[in-house]
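Q: Each chain is listed here by its residues.
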Amino acid sequence: KAGVTQTPRYLIKTRGQQVTLSCSPISGHRSVSWYQQTPGQGLQFLFEYFSETQRNKGNFPGRFSGRQFSNSRSEMNVSTLELGDSALYLCASSPGLIPYQETQYFGPGTRLLVL
Amino acid sequence: SQELEQSPQSLIVQEGKNLTINCTSSKTLYGLYWYKQKYGEGLIFLMMLQKGGEEKSHEKITAKLDEKKQQSSLHITASQPSHAGIYLCGADDGYGGATNKLIFGTGTLLAVQP
Numbered sequence: 002k003a004g005v006t007q008t009p010r011y012l013i014k015t016r017g018q019q020v021t022l023s024c025s026p027i028s029g030h031r032s033v034s035w036y037q038q039t040p041g042q043g044l045q046f047l048f049e050y051f052s053e054t055q056r057n058k059g060n061f062p063g064r065f066s067g068r069q070f071s072n073s074r075s076e077m078n079v080s081t082l083e084l085g086d087s088a089l090y091l092c093a094s095s096p097g098l099i100p101y102q103e104t105q106y107f108g109p110g111t112r113l114l115v116l
Numbered sequence: 005s006q007e008l009e010q011s012p013q014s015l016i017v018q019e020g021k022n023l024t025i026n027c028t029s030s031k032t033l034y035g036l037y038w039y040k041q042k043y044g045e046g047l048i049f050l051m052m053l054q055k056g057g058e059e060k061s062h063e064k065i066t067a068k069l070d071e072k073k074q075q076s077s078l079h080i081t082a083s084q085p086s087h088a089g090i091y092l093c094g095a096d097d098g099y100g101g102a103t104n105k106l107i108f109g110t111g112t113l114l115a116v117q118p
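Chains as they are written, first to last, in the numbering used here: chain U, 2 to 116; chain V, 5 to 118.
Treat the hints as calculated values from the structure; they're not laboratory data.
Just to be clear, a hint being listed does not mean it is correct.
[Claimed, not checked] Simulated coverage check for chain U against chain V, where a stretch passes if three residues somewhere in it have a Cβ under 8 Å from a Cβ of chain V:
1) 19 to 25
2) 30 to 44
3) 90 to 98
4) 107 to 113
[Claimed, not checked] Part of the chain U face toward chain V, derived, beta carbon under 8 Å:
5) Glu53
6) Glu103
7) Thr104
[What the hints assert, rightly or not] Result set (DSSO-like, lysine-lysine): computed pairs, CA atoms no more than 30 Å apart in a straight line:
8) Lys2/U with Lys21/V
9) Lys40/V with Lys14/U
10) Lys2/U with Lys72/V
11) Lys21/V with Lys58/U
12) Lys58/U with Lys64/V
Positions of the beta carbon are idealized from the N, C-alpha and C atoms, including for glycine.
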């Protein structure tokens, strides 16, 4: 099976702009989670989608949003970008049926640089 | 909230040497995951542990979850340059068992000198 794919891999934006990142999960997986990784804060959970519904949300401002489509592909959007949003954004997929007993498989990430 | 602390933060070993990385939780672990990350890239799944006392091995890497389920260790035998990278432990955050949400340790940077 193909792994988790993320597009684009690299992105440069300026403050105030908005950005949309895309994630395609492993075929058959219905859960997609998003994480932000920065040198200062490490890996932090953003949100999880399962069957087009947000199932959990981390402690991030409302500028961070996401959605999931019927084919399980997911997008996350960051509006009004700030310098501190520069990070590696990772998505992970899993079957989603039995949380706590499933492995999450990560994509290669999208590196976002905000100037 | 649950926190994961990894030690050491960084490690430099000579090729062929054994090493151990520890991950300690502030609360009982319901699922403990070990991942490896090359700088700036995605996480590669290594192993998942769920039961107290559980031990799993893959090639030269062994991971254990202690009986009290608050600490895990990752042991690499006869390290090779290919083992270099950042090792991260992750755990289910204990949120009601209904969602996939992992919290992560700060990571251990491993360098293997030829």
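Q: Sort out which numbered hints this structure fails and list those numbers smallest first.
A: Going through the list in order, the structure violates hints 1, 5, 8, 10, 11 and 12 and respects the others.
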